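Heads up: the sequence lines are chains A and B, in that order.
For the first sequence, the tail end lands on 466 under the numbering used here, and the numbers increase by one without skipping.
For the second sequence, the tail end lands on 131 under the numbering used here, and the numbers increase by one without skipping.
Honestly, the hints are just simulated from the structure, not real lab data.
Fair warning: this is a prediction, and the values are worked out from it, not measured in the lab.
Worth double-checking, as some hints may not be accurate.
Said to hold, decoys possible - Pairs of lysine-lysine, DSBU-like flavour, derived with a Cα cap of 30 Å:
#1 A:K250 - A:K371
#2 B:K65 - A:K38
#3 A:K168 - A:K250
#4 A:K250 - B:K65
#5 A:K287 - A:K250
#6 A:K326 - A:K371
Chain residues, written in single-letter form:
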Amino acid sequence: MPFIPHTEADIREMLAAIGAADIDDLFDEIPASLRIGKLSNVPDGMTEQEISRLMLERAEADGRPLCFTGAGAYDHHIPAAVWEITTRGEFYSAYTPYQAEASQGTLQLIYEYQTMMAGLTGMDVSNASLYDGASALAEAILMAVRANRRSKSRRILVPLAVHPHYRKTAHTIVHNQGVELVSVPYSSEGGHTVADTLRQYEGEDITALVIQHPNFFGILEDVDELTGWAHRQGALVIAVTNPTSLALLKPPGDWGDAGVDIACGEGQPLGVPLASGGPYFGFMCCKQGLVRQMPGRIVGRTRDRDGRIGYTLTLQAREQHIRRSKATSNICTNQGLLVTAATIYLALLGAEGLARVAQACHANTRMLVEKLSANDYVEPLFNRPYFHEAVLRFSLPLADVLRPLYAHNLLPGYDLSTDYPELGNALLVCATETRTAADIDLYGDHLNRIIERQTVAGCPVKPRMA
Amino acid sequence: MSNIPVDRKYSRTHEWVSLNDDGTVTVGISDSAQEQLGDMVFVEVPEVGQNLDATEACAVVESVKAASDVYAPVSGEITAVNEGLTDSPETVNQDAYGAGWIFRMQPADASELDTLMDAEAYESFLASEAH
Numbered sequence: 001m002p003f004i005p006h007t008e009a010d011i012r013e014m015l016a017a018i019g020a021a022d023i024d025d026l027f028d029e030i031p032a033s034l035r036i037g038k039l040s041n042v043p044d045g046m047t048e049q050e051i052s053r054l055m056l057e058r059a060e061a062d063g064r065p066l067c068f069t070g071a072g073a074y075d076h077h078i079p080a081a082v083w084e085i086t087t088r089g090e091f092y093s094a095y096t097p098y099q100a101e102a103s104q105g106t107l108q109l110i111y112e113y114q115t116m117m118a119g120l121t122g123m124d125v126s127n128a129s130l131y132d133g134a135s136a137l138a139e140a141i142l143m144a145v146r147a148n149r150r151s152k153s154r155r156i157l158v159p160l161a162v163h164p165h166y167r168k169t170a171h172t173i174v175h176n177q178g179v180e181l182v183s184v185p186y187s188s189e190g191g192h193t194v195a196d197t198l199r200q201y202e203g204e205d206i207t208a209l210v211i212q213h214p215n216f217f218g219i220l221e222d223v224d225e226l227t228g229w230a231h232r233q234g235a236l237v238i239a240v241t242n243p244t245s246l247a248l249l250k251p252p253g254d255w256g257d258a259g260v261d262i263a264c265g266e267g268q269p270l271g272v273p274l275a276s277g278g279p280y281f282g283f284m285c286c287k288q289g290l291v292r293q294m295p296g297r298i299v300g301r302t303r304d305r306d307g308r309i310g311y312t313l314t315l316q317a318r319e320q321h322i323r324r325s326k327a328t329s330n331i332c333t334n335q336g337l338l339v340t341a342a343t344i345y346l347a348l349l350g351a352e353g354l355a356r357v358a359q360a361c362h363a364n365t366r367m368l369v370e371k372l373s374a375n376d377y378v379e380p381l382f383n384r385p386y387f388h389e390a391v392l393r394f395s396l397p398l399a400d401v402l403r404p405l406y407a408h409n410l411l412p413g414y415d416l417s418t419d420y421p422e423l424g425n426a427l428l429v430c431a432t433e434t435r436t437a438a439d440i441d442l443y444g445d446h447l448n449r450i451i452e453r454q455t456v457a458g459c460p461v462k463p464r465m466a
Numbered sequence: 001m002s003n004i005p006v007d008r009k010y011s012r013t014h015e016w017v018s019l020n021d022d023g024t025v026t027v028g029i030s031d032s033a034q035e036q037l038g039d040m041v042f043v044e045v046p047e048v049g050q051n052l053d054a055t056e057a058c059a060v061v062e063s064v065k066a067a068s069d070v071y072a073p074v075s076g077e078i079t080a081v082n083e084g085l086t087d088s089p090e091t092v093n094q095d096a097y098g099a100g101w102i103f104r105m106q107p108a109d110a111s112e113l114d115t116l117m118d119a120e121a122y123e124s125f126l127a128s129e130a131h
């Protein structure tokens with residue numbers, strides 16, 4: 001839809017038609033004491049030339065380091081066609097369409113996105129997306145509390161191997177609603193959530209169990225055992241998954257005997273650039289029986305009065321513009337632009353293409369782990385299968401190794417010491433399909449040189465890196 | 001002019017309540033209510049065994065344009081729910097006072113029924129609400 005702004009003449013004509021002298025007259029109902037007038041700490045506007053230069057300088061400050069960091073956002077190749085098409089005028093919109101008669105193209109695309117996500121996760125239905133993986137987990141928890149009518153406790157078991165940002169975000173969103181998040185420890189050998197540690201909750205009223213797979217450490221969980229345990233307890237199961245991994249791993253709809261109840265996660269790996277942290281999108285899928293408790297937009301397919309297929313927003317009575325305080329969520333939008341990119345990405349790659357991406361990621365990460373742990377001071381921390389990420393333990397201070405690696409224009413991995421101090425000098429590393437063998441060798445060679453400089457006895461003067 | 005049978009009582013939130021021989025009551029929504037809401041697409045029934053206070057929300061009727069709470073007209077325990085409404089929510093439109101019943105409950109205090117309106121009072125109530 002083209003944007004046609006008012007001209008000064010249009011404005012004067014409209015004001016004359018309603019008998020107002022100028023635009024300020026239209027606001028004279030607002031008491032003078034409430035009007036700000038001028039925003040005192042907002043600087044004056046800049047010219048296009050000035051702002052372009054400012055943005056270039058800022059972008060350069062980020063640099064373009066060689067990325068070996070995952071931890072929830074992954075540096076995948078995005079085919080040029082994805083954003084060529086997404087930025088076309090017909091698609092380029094952030095928002096969900098209320099006017100079905102004017103938005104069939106967008107609605108059809110969202111419907112196809114939903115179909116793809118449901119297929120990928122092995123679930124019955126998907127919504128039109130949420131803001132990001134972290135808030136998607138929070139919404140899934142609230143949904144489980146609403147949907148599990150037999151459980152009154154509002155206690156949710158959340159493994160510590162779930163992404164720390166997701167746990168913090170979920171806590172922020174749910175704890176004022178009387179929902180208790182109970183932490184479940186992980187194994188120090190395997191990095192996974194051990195089913196035995198759940199025994200202490202047997203016979204208690206647990207509303208839901210969250211399972212992230214692969215978990216934050218990249219480790220594969222015992223999804224069937226954990227899902228089966230939760231369902232036997234009358235708890236719902238919320239799966240948090242990586243969409244790329246689903247090309248190879250068993251989808252949440254097949255976990256345990258009945259599959260999980262809600263599957264959610266971060267959609268960034270599907271054609272969305274890292275972009276310094278966002279915007280990304282969250283996905284959520286569920287079983288058919290729970291669809292009325294699912295938050296977010298849902299697009300449905302139907303027939304118009306002439307019998308032709310049409311698409312429209314559906315099940316809107318769950319949403320706050322109708323249900324108000326009893327709505328399933330306060331969210332009333334989706335991440336339309338990113339969903340468009342993800343749908344085109346998936347359509348271009350297809351199931352086979354996505355599987356190849358996943359295989360390449362895994363192969364590269366294995367190569368990275370082997371190359372780096374060839375050094376005597378580095379070893380894999382956990383002894384279980386992983387997917388496209390792994391934790392390495394260093395037997396020298398990690399900070400002394402990371403600093404010089406940053407100086408060599410590398411993003412060597414995610415330092416776990418803040419979130420998991422009990423792991424000591426531990427680094428979460430990742431190599432996607434975009435890292436070549438030469439990249440991995442570069443990282444390994446730099447690391448070896450840096451460690452040698454730090455550990456070779458003799459010279460008491462340690463080099464000081466900036 | 002909607003249908004208001006005289007053989008039952010009515011609440012200010014448009015539920016009808018009919019007393020059964022075994023002392024339980026059957027509850028649904030009035031013809032006027034179903035007309036206002038429009039075509040039903042979903043009814044969320046309460047759980048059998050649920051204990052409720054009078055005026056507590058316990059069910060939801062969802063139409064194409066609105067989702068409305070249904071309130072317990074008296075305090076008591078849910079003894080039965082109309083499972084058929086899951087597959088055929090339109091029954092509430094077609095037969096609001098018969099097959100469109102939503103739940104049955106055992107009242108905790110039979111005297112609470114006296115606080116409800118009879119058909120004539122409900123008719124006046126609807127007329128006054130219309131303004």
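Going through the hints against the structure:
1. Distance hint between K250 of chain A and K371 of chain A is fulfilled; the C-alpha atoms sit about 29 Å from each other, no more than 30 Å.
2. Distance hint between K65 of chain B and K38 of chain A is unfulfilled; the C-alpha atoms sit about 43 Å from each other, more than 30 Å.
3. Between K168 of chain A and K250 of chain A the CA atoms are separated by roughly 27 Å; this keeps the pair inside 30 Å, and the hint holds.
4. Restraint check for K250 of chain A and K65 of chain B: the C-alpha separation of about 40 Å exceeds 30 Å, so the hint is violated.
5. Note on K287 of chain A and K250 of chain A: the hinted pairing holds, with a Cα-Cα distance of about 17 Å set against a maximum of 30 Å.
6. Between the alpha carbons of K326 of chain A and K371 of chain A the distance comes to roughly 54 Å, so the proposed pair goes past 30 Å and is violated.
Checked against the numbered hints above, the structure breaks hints 2, 4 and 6 and satisfies the rest.
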